[in-house]
Amino acid sequence: MTRGETQTAAAIGTAGKDAVPPRKIPHQASGTALVHTPVAVADIPRRLFGSFVEHMGRGVYGGIYEPDHPTADEYGFRHDVMELVNELGVTCVRYPGGNFVSNYNWEDGTGPKELRPVRRDLAWHSTETNEVGIDDFYHWSRQTGTEIMLAVNLGTRGLHACLEELEYVNAPAGTALADRRVRNGIPEAMDVSMWCLGNEMDGPWQVGHMSAEAYATAVDQVAHAMKLAESGLQLVACGSSSAHMPSFGHWERTVLDKAYDNLDFISCHAYYYDRGAASFQDFLLSSEDMAHFIDTVAGICATTKAEKHSDHEVALSFDEWGVWYSDVWNQQEEEWKAQAKAGLHHEEWPKAPRLLEDLYTVADAVVEGSLMISLLKHCDHVRSASRAQLVNVIAPIMTEAMGPAWKQSVFHPFAAAAHHARGNAYAPSIDGPMLSTPQYDAVPAIDAVITWDDERHEGLALVVNRDEHGTHDVRIDCSSLPRIDASTMRIDATQMLHEDDPYRRNTAEDSNAVVPHACDVRMNEDASFTLTMPEISWAAIRFHSA
Amino acid sequence: MTRGETQTAAAIGTAGKDAVPPRKIPHQASGTALVHTPVAVADIPRRLFGSFVEHMGRGVYGGIYEPDHPTADEYGFRHDVMELVNELGVTCVRYPGGNFVSNYNWEDGTGPKELRPVRRDLAWHSTETNEVGIDDFYHWSRQTGTEIMLAVNLGTRGLHACLEELEYVNAPAGTALADRRVRNGIPEAMDVSMWCLGNEMDGPWQVGHMSAEAYATAVDQVAHAMKLAESGLQLVACGSSSAHMPSFGHWERTVLDKAYDNLDFISCHAYYYDRGAASFQDFLLSSEDMAHFIDTVAGICATTKAEKHSDHEVALSFDEWGVWYSDVWNQQEEEWKAQAKAGLHHEEWPKAPRLLEDLYTVADAVVEGSLMISLLKHCDHVRSASRAQLVNVIAPIMTEAMGPAWKQSVFHPFAAAAHHARGNAYAPSIDGPMLSTPQYDAVPAIDAVITWDDERHEGLALVVNRDEHGTHDVRIDCSSLPRIDASTMRIDATQMLHEDDPYRRNTAEDSNAVVPHACDVRMNEDASFTLTMPEISWAAIRFHSA
Amino acid sequence: MTRGETQTAAAIGTAGKDAVPPRKIPHQASGTALVHTPVAVADIPRRLFGSFVEHMGRGVYGGIYEPDHPTADEYGFRHDVMELVNELGVTCVRYPGGNFVSNYNWEDGTGPKELRPVRRDLAWHSTETNEVGIDDFYHWSRQTGTEIMLAVNLGTRGLHACLEELEYVNAPAGTALADRRVRNGIPEAMDVSMWCLGNEMDGPWQVGHMSAEAYATAVDQVAHAMKLAESGLQLVACGSSSAHMPSFGHWERTVLDKAYDNLDFISCHAYYYDRGAASFQDFLLSSEDMAHFIDTVAGICATTKAEKHSDHEVALSFDEWGVWYSDVWNQQEEEWKAQAKAGLHHEEWPKAPRLLEDLYTVADAVVEGSLMISLLKHCDHVRSASRAQLVNVIAPIMTEAMGPAWKQSVFHPFAAAAHHARGNAYAPSIDGPMLSTPQYDAVPAIDAVITWDDERHEGLALVVNRDEHGTHDVRIDCSSLPRIDASTMRIDATQMLHEDDPYRRNTAEDSNAVVPHACDVRMNEDASFTLTMPEISWAAIRFHSA
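Chains as they are written, first to last, in our numbering: chain R, 1 to 546; chain G, 1 to 546; chain X, 1 to 546.
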C-alpha cells in the first residue's frame with residue numbers, strides 16, 4: 001500500500017469473526033478535526049478492562065451458570081459464555097456485588113451445594129439459592145483467566161467476617177478457615193489481591209448505609225486489619241455512589257483522610273442513559289461528565305496525599321460504569337412499594353428474574369466507546385475499572401436458557417480496547433468542530449485516544465464522533481509517538497460502529513443487527529491517517545510501525 | 001323510661017358479670033361540670049387497647065404460662081388467664097420486652113424446648129429458661145385473638161439478627177430461616193406487622209443504651225433493611241424512655257430526622273404513682289402530664305414532617321403506660337448493688353421471681369381510667385398503646401400458682417374502653433370546677449371523652465372526677481354528635497368505680513373488694529344526661545340512639 | 001550488733017538462694033543524700049506486683065507451657081517456670097493480651113484441645129494453635145496462686161461476646177455457657193474479678209482501633225452490662241496506649257466522662273529503653289517520666305470525679321510497664337511491610353517464634369527497680385500494675401526448650417518488692433545531689449521509697465542511685481515511721497544490684513552474670529541507716545523493730 005491510498009484493512013476482531021466490510025459513508029463532512037500531539041498519560045493497567053458479575057437477575061444463574069446447558073462444564077458454567085467473555089477481553093471481574101453484597105454471607109456460597117442455605121436477597125427482592133459462591137466463582141475465574149476483585153459485606157457484617165473471609169480465600173492451608181477451603185476442594189490459596197470494602201455505602205438504598213464518618217471509621221479498621229493479615233493486598237474503599245450524591249466530595253475527603261495509608265483505591269460509579277440526560281446530544285457527551293468526575297476525585301486524592309505528606313498513592317477504581325436505563329428499575333421499585341402499602345409482603349421473591357436486561361442501541365455502544373476513551377485518557381489516575389455488568393444484567397453478553405449466547409452492541413467497543421489498547425495511553429490535542437448543549441458550553445464533537453506499545457511497535461487509535469447530526473473528517477497524527485517510524489507505519493485493522501438509525505439494536509432473534517464494520521482509512525506520509533466519522537459513530541484503527 | 005327520670009341501667013361488663021347495683025352517693029356536689037360540644041378527634045384504632053407481656057417476674061412463667069395448671073392448654077398456657085385477657089378486651093400485645101429484649105436472642109425461644117438454652121436475664125437479674133419464645137407466644141396470640149407487636153434486640157445485637165428474626169417470623173416457606181420455622185411446627189408465616197426497634201435505648205439502665213445519634217443511625221439502617229424485606233411493616237422507633245429524660249425532645253428530633261421515611265411510629269412511655277407525684281392530688285391529675293407529653297411528641301412529628309415536605313405520617317405508639325410503684329424496684333436494685341460491693345456475684349438468679357407485683361387501689365384505677373380518657377382524646381396522634389403489663393407484673397390480671405386468676409381494680413376501666421369505645425373519639429369542652437396543685441395551675445376536676453359509632457348508633461362516655469375531695473355533678477351533652485336523635489337516646493349500661501377509702505384494693509384473698517358498680521344517670525330531653533361523680537371516681541355510660 | 005557498726009545482713013532472697021556476699025564498693029561518694037520524713041501514701045495493694053502473659057512469641061508456648069518438658073504438669077505447664085514465678089512473687093497476671101486479644105475468640109481456647117481451631121494472630125504475625133486458653137490458664141493460675149486479670153476483645157468483637165465470656169468464666173452452673181464450662185472440666189466459677197475492656201484501643205496498630213468517642217461509647221455499654229451481670233466486678237478501661245500518643249489526655253477525659261460510674265480502673269502503659277531516651281542518663285531517670293504520667297492521669301480521674309460530684313473512685317492500673325527495646329520490633333515490622341510490597345503474603349506465620357526476647361542489662365534492672373519505687377510512691381492512685389511480660393517476651397524469666405529456666409537481671413528488683421513491700425508505702429523527702437539532663441532540669445540522683453508493715457513491725461527501704469557517674473552516700477531516716485522503736489531497729493537482709501559494666505547481663509549460657517549482692521549498711525542510733533550507692537545501682541534493705 002502506498003501513502004495517500006485509502007486503505008480498507010481487516011476489521012478488528014478476535015479470529016476475524018467480525019470482519020464485516022465497511023459501510024459506505026457519503027462524504028458530507030461538516031468539518032475536519034485534527035487529532036495531534038499525543039501526550040503520554042501512563043501505562044495502561046490491564047485492570048482497566050474489568051467487568052462485574054453480581055448476584056442479581058440472570059447475571060449468575062442462567063447467565064454464567066446454567067448446569068443443564070449443553071455447553072456447561074463440570075462446575076455448571078456455560079462454555080459458550082466463557083468463550084464470549086474471552087472474546088470480550090475481560091481481565092478482572094468484580095464479584096459478588098453490588099448492592100447484593102451488603103446483606104450477603106460469604107460462607108453461604110462455600111462447601112457442599114446441598115447444604116447451602118436459600119436466602120432472600122433484599123437488594124433485588126429475589127431468592128438466592130447460593131448454588132454459586134466464591135468456591136465456584138474461583139473455578140470460573142481460572143477457566144476464564146480473569147482476576148477476581150472480591151467485595152466484602154459492610155452492610156450487615158463487619159470486621160470479623162471480613163477477616164474470616166480473607167483467611168478462607170487467601171490463607172495457605174494450616175488454619176481453621178483455610179483448612180475448610182481445602183476440605184471444600186480448593187487446596188491452594190485463591191490469592192485474591194483486590195478487595196472492595198463494601199459497596200456504595202453512602203446510598204440510602206444500601207442495606208446498612210452509613211454516614212461518611214461512620215464508613216471512614218469502619219473502612220479504617222477493616223483496611224488496617226486486612227493488611228495486617230496480608231500487607232500486599234490492594235484495597236478499594238467506596239467513593240460516593242455517584243458524583244450526584246449530596247455528600248459527593250465530603251464523602252471522599254472524609255474516607256481518605258481517615259484511612260489513607262491502608263487504602264489503594266477509591267471507587268467511582270457512573271451510569272448514563274438517553275432519558276437520564278438533558279438531551280440526546282448530552283447523552284452522547286456522557287464522557288465529558290465522566291472526565292470531570294475523574295478529575296474531581298483524583299484531585300481529592302492528590303490533596304489528601306499532600307496534606308499527609310505521604311508518598312503513598314491512592315488511585316481510582318471506576319468499578320461501575322456503562323449505559324443503564326435506570327429509570328426502568330426505579331419505576332419497578334416504586335410499583336413494588338405501592339403494592340406493599342396494601343399488604344404486608346412482597347409476594348414475589350423470584351429466583352433469577354429478568355432484571356435490568358437493557359437492550360443496547362448503537363448509540364449506547366458509541367457512548368460506551370466514548371467512555372472507554374475517557375478512561376484511557378485518565379489511566380494515570382484510573383488504575384482499575386469494571387464495566388457493569390457482564391452477562392444479561394446491563395450486559396454486553398446475553399443468554400437464552402438452554403439456548404445461545406449473543407453479543408449486544410456495547411460488546412464491540414469494549415472488546416477492541418481490551419484486546420488492543422496496550423502499552424501506554426496518549427491523550428491527543430483535538431482541534432475541530434465544537435458542540436454546545438443544555439449541559440455543556442463548547443466541547444469537541446470528536447474525542448480520541450491513542451495507545452502505543454513501545455516494544456511491539458503497535459498502536460491503536462480509538463475515535464468517537466459524539467455529534468448527533470454532523471459527519472466529520474478526522475485526521476489523526478501519530479508522528480510524535482516515541483520511536484515511531486512514519487515510513488513503515490501501516491494500518492492493520494479497522495472497526496467502525498455506526499447505523500443510520502442510532503436506536504438500532506441487537507435482540508435474541510436478530511443478534512447481528514449491530515456489528516462493527518471495517519472502515520476506510522487514508523494513510524498520509526507523516527504518520528497520520530484520515531477517516532470520515534459519520535454522526536454518532538465510533539472507530540478503532542490498529543496500526544504498527546517497523 | 002321517660003325524660004327526666006333517673007335511670008339505673010345495667011352495669012357495663014362482659015356477660016353482665018359485673019352487674020353490681022349502684023352505690024348510694026350522698027348528693028353534696030360542690031359544683032357542676034358541663035361536658036359539651038364534642039369535637040371529633042379521629043377514628044379509634046383497635047391497637048389503642050394493647051397490652052404488654054415481658055419476660056420478667058411472673059409475667060410469662062406462672063402468668064400466661066403454667067403447664068401444670070389445671071386449665072393449661074396443649075402449649076402450657078392457662079385458659080383461665082386467656083379468658084380474663086379476652087374479658088379485658090386486649091387487642092394487641094407487645095412482646096417479649098421491655099428491658100428484657102436488649103440482651104435476648106430470639107432464636108433461644110424457638111424449636112424443641114429440650115434444646116433451648118438457659119440464660120441469665122441481665123435486665124431483671126433472673127434466670128430465663130426459654131421455655132416460652134416466639135414459637136409459643138404465636139400460639140398464645142392466636143388462641144387469644146390478639147395481635148403481636150414484636151420487639152427486636154438492639155442492645156447486644158443489631159441489623160443482622162433483626163433481618164434473620166424477620167425472615168423466621170414472616171417469610172413464606174422456601175428460605176433457610178422460614179424453613180426452620182416450618183420444622184419447628186409453624187408452617188404459615190406469622191405475619192407480624194408491628195415491630196419495635198429496640199426498647200428505651202436512651203436509658204442508662206438499658207443493656208447497650210446509646211446516644212440519640214447512635215440510635216438514629218442504627219434505627220435508620222434497621223428500618224430501611226426491614227422494609228426492603230417487607231415494605232408493609234409498621235415500625236416503631238424508641239422515643240425517650242420518659243418525658244423526664246434529660247435528652248427528651250432532642251432524642252425524638254434526632255431519630256425522626258434521620259429515619260423519618262421508614263418509620264411509622266415513635267414510642268412514648270409513662271408511669272405514674274402516688275409517691276412519685278408532688279401530691280396525691282397531682283397523682284390524680286396524671287393524665288394532664290400524659291396529655292402534655294403527647295402534644296409535645298406529636299408536635300415534633302409534625303415539625304419533622306413539615307421540614308421534610310413529606311406526605312408520610314409518623315404516629316405515636318404509647319407502648320408503656322399505667323400506674324407503677326417504681327420506687328420499690330429502684331430500691332431493690334440499690335440493695336443489690338450494695339450487696340455486690342461485698343462480693344463478686346449476684347448470688348441470686350431466680351426463675352420467675354415475684355417482681356413488680358403492685359396491688360392497685362381504686363385511686364390507681366381511677367387514674368388509669370383517666371389516662372385512657374387522655375389516650376382516646378389524642379387518638380389522632382396516638383395510634384397504638386400498650387398498658388404495661390398484662391399478668392402479675394404491674395398488671396390488671398393476677399394469678400396464683402396452681403390457683404385462680406383474679407382482677408385488679410385497674411382491670412375495669414381498661415375493659416370498659418376496650419370493649420365499648422368504638423367508632424370515633426370526640427373531645428368535649430368542659431366547663432366546671434377547677435383544681436390548683438403544686439404541679440398545675442388550674443385544671444378541670446372533671447375530664448371526659450365521648451366515643452360514638454356512627455354506624456351502630458352506639459356511644460360511650462368515659463368520665464372521671466380527679467378531685468381528691470369534692471363531689472361534682474356532671475352534665476354530658478351529646479346533642480352535637482353526628483346523626484344522633486335526641487328523642488331516641490337511651491342509656492344502655494353504666495359503670496362507676498369509687499370507694500370511700502381510695503386506697504382500697506383487691507388481693508388474692510379478697511379479689512372483689514374493688515369492683516365497678518352501676519350508677520344513677522338522669523336523662524335529659526336534649527340528648528344530654530347528668531350524673532353525680534363523688535371524689536376520685538370514674539364512670540362509663542353506654543348509650544344509643546335509634 | 002551495736003549501733004554505729006556496719007552491718008552485712010543476709011541478702012534478700014527467697015530461701016536465701018541469692019545470698020551472694022557484698023561487692024566491695026570503693027568509698028568515693030560525690031555527695032550524701034538524706035532520705036527522711038517519710039509520708040504515708042497508702043496501703044500497698046497486692047495487685048501492684050502483677051505481671052502479664054500474652055499469647056505472643058514464646059510467652060505461652062515454650063514459656064509457661066511446654067507439655068514435653070521434663071517438669072511439665074498434667075496440663076502441660078512447666079513446673080520449673082512456676083517455681084520461678086513463685087520466687088518472683090507475682091500476684092496477678094494479665095491475660096491473654098495485649099494486642100493479641102483484639103482479634104481473639106475466647107471460645108477458641110476452651111474445650112477439648114483436639115477441637116480447637118488454629119488461627120492467624122494478626123497482632124504478631126504468628127500462628128496460634130489455641131492449645132492454651134482460659135480453661136488452661138485458669139489451672140495455671142491456681143497452681144501458681146495468682147489472680148487472673150482477664151482482657152476481652154473489643155477489636156473484632158463487642159458487647160455480646162463479652163457477656164458470653166463473662167458467663168462462661170464466672171457464672172455458677174445452671175446456664176448454657178456456665179454448663180459448657182462444667183462440661184469442659186471446670187465445675188466451679190472461675191471468679192475472675194478484674195477485667196480489661198480491650199487493649200490499647202487508641203493505637204493505630206491495634207486491630208479495631210477507634211476514636212476516643214467510639215471507645216467511650218463501647219466501654220460504657222460493655223461496663224454497664226457486665227456490672228448488671230456481676231456488680232462486684234472491677235473493670236479496667238483502656239487509657240492511652242502511651243503518654244506520648246497525640247490523643248493522650250483527651251482520650252482519658254472522654255472515656256471517664258462517658259463511663260465513669262461503671263469503671264474501676266483506667267490503664268497506663270509505659271516502656272523505656274536506652275536508645276529510646278534522649279541520653280543514657282535520661283533513660284536512667286525513666287521513673288521521672290512514669291511519675292509525671294501517673295500524676296497526669298490521676299489528675300484527670302480526680303477532675304472527673306469532682307465534675308460528676310461522685311463518691312466513686314477510679315484508680316490507675318499500670319498494666320504494662322518495664323524496659324523494652326521496642327525499636328527492634330518496629331524495625332522487624334517495617335521489614336515485613338517492605339517484603340510484602342513485592343508479593344501478596346506474609347509467607348511466614350510461625351508458631352511461637354522468638355519475639356521480643358530482650359536480654360536485660362544491670363542498668364535495665366536498676367531502671368526497673370526505680371520504676372517500682374515510683375509505683376510504690378504512687379500507690380494511692382496506682383492500685384494495680386503489671387510488669388510486661390512474664391516469660392521469654394520482654395521477661396524476667398527465660399526458658400530454653402527442653403532445657404532450664406533462668407532469671408534475667410530485672411527479676412531481682414521486682415522480687416524484692418513483691419515479697420517484702422508490705423503494709424503501707426511511705427514517700428520520703430530526699431535532699432541530695434541533683435542531675436540535669438537533656439530531658440530534665442534538676443532531679444535527685446537518689447530515689448527511694450519506704451514500706452512499713454505496722455502489724456509485723458517490718459519494713460523495706462528501696463533505694464536507687466540513678467546517677468550515670470557518681471557514687472553517693474545515702475542516709476535513710478526511718479524514725480518517723482509509726483510505732484517504730486529506734487532502740488530495737490535491726491537490719492534483716494540487704495540486696496544491691498550494681499556492676500562496673502552497666503551493660504552486663506545474664507544469658508542462657510551465663511545466667512548468673514548479674515545477681516544481687518548483699519551490701520554494707522551502717523545502722524545509726526536514731527532509726528536511720530546509711531549505705532553507699534555506686535553509680536547506676538539499686539538496693540533493698542529489710543529491717544524490723546520490736
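No lab work stands behind these hints: they were computed from the structure.
Just so it is clear, the structure is predicted and the values come from calculations on it, not from any experiment.
A hint or two may mislead.
To be verified - Below are the DSSO-like pairs computed for lysine-lysine, each with C-alpha atoms no more than 30 Å apart in a straight line:
1. G/Lys305 x R/Lys337
2. R/Lys308 x X/Lys351
3. G/Lys337 x G/Lys113
4. X/Lys227 x G/Lys337
5. X/Lys227 x X/Lys337
6. R/Lys305 x R/Lys227
7. X/Lys351 x R/Lys305
8. G/Lys337 x R/Lys351
9. R/Lys337 x G/Lys337
10. G/Lys351 x R/Lys337
11. G/Lys337 x G/Lys351
12. G/Lys227 x G/Lys351
13. G/Lys227 x G/Lys305
14. X/Lys337 x X/Lys351
15. G/Lys351 x X/Lys113
16. R/Lys227 x R/Lys337
17. X/Lys351 x R/Lys227
18. X/Lys227 x R/Lys227
19. R/Lys351 x R/Lys337
20. X/Lys337 x G/Lys337
21. G/Lys337 x X/Lys351
22. X/Lys351 x X/Lys227
23. X/Lys351 x X/Lys113
24. R/Lys113 x R/Lys351
So, going through the hints one by one against the coordinates:
1. With a C-alpha separation of about 20 Å, the suggested pairing of G/Lys305 with R/Lys337 holds against the 30 Å cut-off.
2. Restraint check for R/Lys308 and X/Lys351: the C-alpha separation of about 37 Å exceeds 30 Å, so the hint is violated.
3. Of the pairs offered as hints, the one joining G/Lys337 and G/Lys113 is violated, with about 33 Å between alpha carbons and a cut-off of 30 Å exceeded.
4. Taking the CA atoms of X/Lys227 and G/Lys337, the gap is near 9 Å; set against the 30 Å cutoff, the hint holds.
5. Among the hinted pairs, X/Lys227 with X/Lys337 is inconsistent with the structure: their alpha-carbon atoms are about 42 Å apart, more than 30 Å.
6. With a C-alpha separation of about 19 Å, the suggested pairing of R/Lys305 with R/Lys227 holds against the 30 Å cut-off.
7. At most 30 Å may separate the alpha-carbon atoms for a hinted pair to count; X/Lys351 and R/Lys305 exceed this at roughly 38 Å.
8. A hinted pair counts as satisfied when its Cα atoms are at most 30 Å apart, and G/Lys337 with R/Lys351 does not qualify at roughly 55 Å.
9. For the suggested pair R/Lys337 and G/Lys337, the alpha carbons sit about 50 Å apart, so the restraint of at most 30 Å is broken.
10. Taking the CA atoms of G/Lys351 and R/Lys337, the gap is near 45 Å; set against the 30 Å cutoff, the hint is violated.
11. Taking the CA atoms of G/Lys337 and G/Lys351, the gap is near 20 Å; set against the 30 Å cutoff, the hint holds.
12. Between G/Lys227 and G/Lys351 the alpha-carbon distance is near 37 Å, which puts this suggested pair outside the 30 Å criterion.
13. With a C-alpha separation of about 19 Å, the suggested pairing of G/Lys227 with G/Lys305 holds against the 30 Å cut-off.
14. Of the supplied pair hints, the one linking X/Lys337 and X/Lys351 holds, its CA atoms being roughly 20 Å apart against a limit of 30 Å.
15. Between G/Lys351 and X/Lys113 the alpha-carbon distance is near 34 Å, which puts this suggested pair outside the 30 Å criterion.
16. Proximity of R/Lys227 to R/Lys337 is assessed by CA-CA distance (about 42 Å); at most 30 Å being required, the pair is judged violated.
17. A C-alpha spacing of about 20 Å is found between X/Lys351 and R/Lys227, which places the hinted pair at or below 30 Å, so the restraint holds.
18. For the hint pairing X/Lys227 with R/Lys227, the CA-to-CA distance comes to about 36 Å; that exceeds 30 Å, so the pair is violated.
19. Distance check on the hinted pair: R/Lys351 and R/Lys337 sit about 20 Å apart at the alpha-carbon level, within 30 Å; holds.
20. Taking the CA atoms of X/Lys337 and G/Lys337, the gap is about 50 Å. The hint is violated against a cut of 30 Å.
21. For a cut-off of 30 Å, the pair hint linking G/Lys337 to X/Lys351 is broken: about 45 Å separates their Cα positions.
22. The suggested pairing of X/Lys351 with X/Lys227 is violated, with an alpha-carbon distance near 37 Å, which exceeds 30 Å.
23. Pair hint X/Lys351 plus X/Lys113 holds up; C-alpha atoms about 16 Å apart against a cutoff of 30 Å.
24. Restraint check for R/Lys113 and R/Lys351: satisfied, since their Cα atoms lie roughly 16 Å apart, inside the 30 Å limit.
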